[in-house]
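> With the hints as extra help, turn the sequences into a complete structure.
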Amino acid sequence: MTTTTRIANARPYGEDPTDLYVRDGVLVAPVDEPDATVDADGLIALPGLVDLHTHLREPGGEEAETVATGSAAAALGGYTAVFAMPNTNPTQDSPVVVEHVWRRGREVGLVDVHPVGAVTVALGGERLAEMGMMAASAAGVRMFSDDGRCVNDPLLMRRALEYARSLDAVVAQHAEDHRLTVGAQAHEGPVAARLGLTGWPASAEESIIARDAMLAAAAGARLHVCHVSTAGSVEVLRWARATLLPGTSAAVSAEVTPHHLLLTDTAAEDYDPVHKVNPPLRPEADTLALRRALAEGVIDCVATDHAPHAVEAKDCEWSQARPGMLGLQTALSVVASTMVTTGLLDWRGVARVCSEVPAAIAGLPDQGRPLAVGEPANLVLVDPDARWTVRGADLASIADNTPYEGMELGVSVVHTMLRGRWTVQDGKVAG
Amino acid sequence: MPTRRRGGPVPNGASNAEGERELLSPADLARTVARIAHEILEKTAESGAPVVLLGLPTRGIHLARRLAERITAIDADATVAVGTVDPTLYRDDLRRQPTRPLAETDIPAGGIDDVIVVLVDDVLMSGRTVRAALDALRDHGRPRAVQLAVLVDRGHRELPIRADYVGKNVPTNRAEDVVVSLSECDGADGVAIR
Amino acid sequence: MTVQPDATGIGLRHLLSTEGLRREQAEALLDTAASMEQALTGRAVRKLPTLRGRTVVTLFYENSTRTRVSFEVAGKWMSADTINVSASGSSVGKGESLRDTASTLAAAGADAIVVRHPASGAPHRIAGWLDRVGHSHTDGHVAVVNAGDGTHEHPTQALLDAATLRRRLGADLTGRRVAIVGDVLHSRVARSNAHLLATLGAEVTLVAPPTLLPAGVDAWPVTVTHDLDAHLATGPDAVMMLRVQAERMHGGFFPSAREYAVRFGLSARRADTLPDHAVVLHPGPAVRGMEIASAVADSDRAAISEQVTAGVHVRMAVLYHLLAGEDSR
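Residue numbers (the numbering used here), protein chains in the order written: chain A, 1 to 431; chain B, 1 to 194; chain C, 1 to 329.
In case anyone wonders, no lab produced these hints; they're calculated from the structure. All values reported here derive from a predicted model rather than from experimental measurement. We put the CB at the ideal spot given by N, CA and C, even for glycine. A hint or two may mislead.
[Claimed, not checked] Take a look, some chain B residues computed to stay more than 12 Å from chain C by CB distance:
hint : residue
1    : GLU20
2    : GLU22
3    : PRO26
4    : ASP28
5    : LYS43
6    : ASP75
7    : THR105
8    : GLY187
[Stated by the list, open to error] Here are some of the chain A residues that sit facing chain C, going by a computed Cβ distance under 10 Å:
hint : residue
9    : ALA192
10   : ALA193
11   : PRO273
12   : GLU312
13   : GLU317
[Said to hold, decoys possible] Computed beta-carbon distance windows for the label pairs:
hint : chain 1 : residue 1 : chain 2 : residue 2 : range
14   : C       : VAL224    : A       : SER203    : 30 to 40 Å
15   : B       : ARG138    : C       : ASN84     : 22 to 32 Å
16   : C       : GLY284    : A       : HIS178    : 33 to 43 Å
17   : C       : THR223    : A       : SER249    : 51 to 61 Å
18   : C       : GLY109    : B       : ALA30     : 48 to 58 Å
19   : B       : ALA30     : C       : GLY42     : 27 to 37 Å
20   : B       : ASP75     : C       : GLY109    : 55 to 65 Å
21   : A       : ARG391    : C       : ARG167    : 46 to 56 Å
22   : B       : GLU46     : C       : ASN84     : 51 to 61 Å
23   : A       : THR37     : C       : GLY95     : 52 to 62 Å
In structure tokens form, the structure reads like this:
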């Protein structure tokens, strides 16, 4: 039986209130007598969010997260599609593993789970993984990355870009020259010097971005730069677009994480590794440059780098701890406080950087679409005036390594809809 | 700040502050020191052993020096050495109060083996400081005898300790403060109760 | 935070770093160390009853005979029960987590845990864990002393260096000029000394090749130079030579041991250019011939064995201030 749902008084992109109608998973023209009405009461409607950078940890890391719990966290964060990074165990470097993750995502059904394929076998940085077979699998992989490790070998990176071009796929690079970050623990600068933590220099990221942009331009390939973290990287991206890409078929896109927009390297001062992440938190000047770059479009989109870790991986010495932090359920709040409250972006801008652009980078035809008749009904309804206090234990993830523990954030996700079906209602996963 | 036993802060200078009653005037105090000096000479002369006066910080140190001066003024042949012993590290009540700063310990070069040690303090009350000082002495050597000289004995003993030389016995209640001032550290001499 | 103030004494609950130590706290520790030395000088019995019934555990994840023995002697001279736990020969070697080890020691009755650990910040973590959970057996506070953590700090080493300088140069180090020479990048001794000496009013100059200085050193309360001879010509009051570990010699931080010795070693010729009163310090063990010439290490201006002696007194002072006073609850 086909029903029509009316979402009354929603404010698309934070603009004038209107009613949205959903039928058969699609936004439709108004009907006189809908079967159901949800009063959005002035909530902001945005296209469902798309995260190009999520760690769901399944298979192999189920003590920290599973496809089911990660999907719930994503839906609660307003996401309708996530890209699951391949550093699982076994690695997502073969059709079998990517299909498994993709199928688990479908079974859970809270969010579209798109596995990212590994660039190299077992993320080893030596041999290309079976990119073509992963692309041809049921998972239809179109994004490849060795995230967590950089494809450090320039020849291998060149070949990966060239090969991916033939698959119409994008290579997402974790930009870190590992020779420059041996033993690195925190941003190289006064804070790390004082704390006696080995520095992670900005040049380790910036030099790889410059190199890869050159390789992508030469190959006519699509490069996506993961978690850009420094002001210098912004300038490299600006320069690459202005000088390397014109006249080529190459494209370079870039993402920034919410935590790099908000948190700074001084967070390491208590040596609590909940603030340890790779690339590391940077000084405030970098966070401000990243915000401006996101507003200007030099950085294309926001991606969470949601990285759940079991307690043992964080409740230890800083240098022993695994890098990474939870992000899915706090991303929109952090983007709002760093970009909207500051006047750098309006809600239309948020829709662009959190949904439309990432969907386009990944080549998703049914996500990040306008809130318009005939488009897929993937949307999120957001309360812009809400205040809530982050408690890791209350988040849907199994792990609780949020860097925002105890922090009060603005903006909450009230409802999320995936292809016409509520995945979240009133801030709870829809049963 | 003048020495006090119990109670809150004491203003500088002893005798004129509100609620104070003078026990010893500067002249009384000088006479008292002189008398104790005589008593020490008398009581230690028969043994023939050298005498070492060890002051307990802070005012006991000054009193010990004054006593030594008086003794040599009375008898130029008397052999009196002066030193200090800080009993803090031997106290049994360290954990009952904030960490105390340490004071000087200065045992005269000849040591204390086979001498008569006279411990000197300003006010004797519970006896715990003296007990700690006795423990400290044990680690420095084996005197022939240990005696105790105090300017004021105000009672309230908590240990079986008594002074061999007492400047003045003053019955007090526990809430009262006995305030000893010495010109070396307080600007003027005097003893008061408040 | 290094020092969490409480109502007692000089407000020291843990000693995790010299950074953040206030001048009056540092001077109180150094004065107490001097008193400890005085209290023990010339005595038949070198034993004080001060910490009877208190338990001090040294928890060492790196070998360091001199530091561990120094803490152990300091504790024993004050009658504390001292227990040594080292990474070899205990559950530590079997992969037990730092948190579990610390909790176990606290639950077993440790009043102080003296930690040496290769990870910067490990003592901070232990202090944080123990402060949060409290301890049912005593309902009391477990003091944590950093005995060297990674490349972060080694506060008691800096205190013993300062105690040695006070003995040689006088109690007030204001305006005294101290050069710290060598591998600052990897040195917890350099970090602790730079902060402590600056807090005590001394002027600190770091002398090192750029590859052995951390990025961001310009935020420290020091001046930096790469020219040892030029700096020695200014007549510093003290020169502190840092240890160069063997692995650095092959890590590409400088071309060769020979070149390092030529540019940054304290040769007899260089030492002769120092003012007569100038003191030479070395945290030991020294690589003779490279960092410091044997003739200099054995000369009267070298205070290397005084440093070792001062180490015991300084550690007694630290344990005294952390453990002797009333429990903070």
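> If a hint holds in the structure, say so; if it does not, say that too.
Structure-based check of all given hints:
1. GLU20: GLU20(B) clear of chain C: closest Cβ-Cβ about 29 Å, beyond 12 Å.
2. GLU22: holds (34 Å)
3. PRO26: holds (32 Å)
4. ASP28: Holds, because the least Cβ-Cβ distance between ASP28(B) and chain C comes to about 34 Å, which exceeds 12 Å.
5. LYS43: holds (27 Å)
6. ASP75: holds (29 Å)
7. THR105: Incorrect as stated: the minimum Cβ-Cβ distance to chain C is 5 Å, not above 12 Å.
8. GLY187: Consistent with the label, GLY187(B) stays out of reach of chain C, its closest Cβ about 24 Å off (over 12 Å).
9. ALA192: It holds, given that the least Cβ distance between ALA192(A) and chain C is near 7 Å, below 10 Å.
10. ALA193: holds (4 Å)
11. PRO273: holds (9 Å)
12. GLU312: Status holds, d = 7 Å.
13. GLU317: Since the shortest Cβ distance to chain C is 4 Å, the answer is holds.
14. VAL224(C) x SER203(A): 30 to 40 Å: 21 Å Cβ-Cβ, so the 30 to 40 Å window is violated.
15. ARG138(B) x ASN84(C): 22 to 32 Å: Since the Cβ atoms of ARG138(B) and ASN84(C) sit about 29 Å apart, the hinted range of 22 to 32 Å holds.
16. GLY284(C) x HIS178(A): 33 to 43 Å: holds (35 Å)
17. THR223(C) x SER249(A): 51 to 61 Å: holds (54 Å)
18. GLY109(C) x ALA30(B): 48 to 58 Å: Roughly 54 Å apart at Cβ, these two residues keep to the hinted range, so it holds.
19. ALA30(B) x GLY42(C): 27 to 37 Å: Distance hint for ALA30(B), GLY42(C) holds at roughly 35 Å.
20. ASP75(B) x GLY109(C): 55 to 65 Å: Check passed, 57 Å falls within 55 to 65 Å.
21. ARG391(A) x ARG167(C): 46 to 56 Å: Taking Cβ atoms as reference, ARG391(A) and ARG167(C) lie about 54 Å apart, which means the hint holds.
22. GLU46(B) x ASN84(C): 51 to 61 Å: holds (54 Å)
23. THR37(A) x GLY95(C): 52 to 62 Å: This hint holds: roughly 59 Å between Cβ atoms.
Of the numbered hints listed earlier, those contradicted by the structure are 7, 14.
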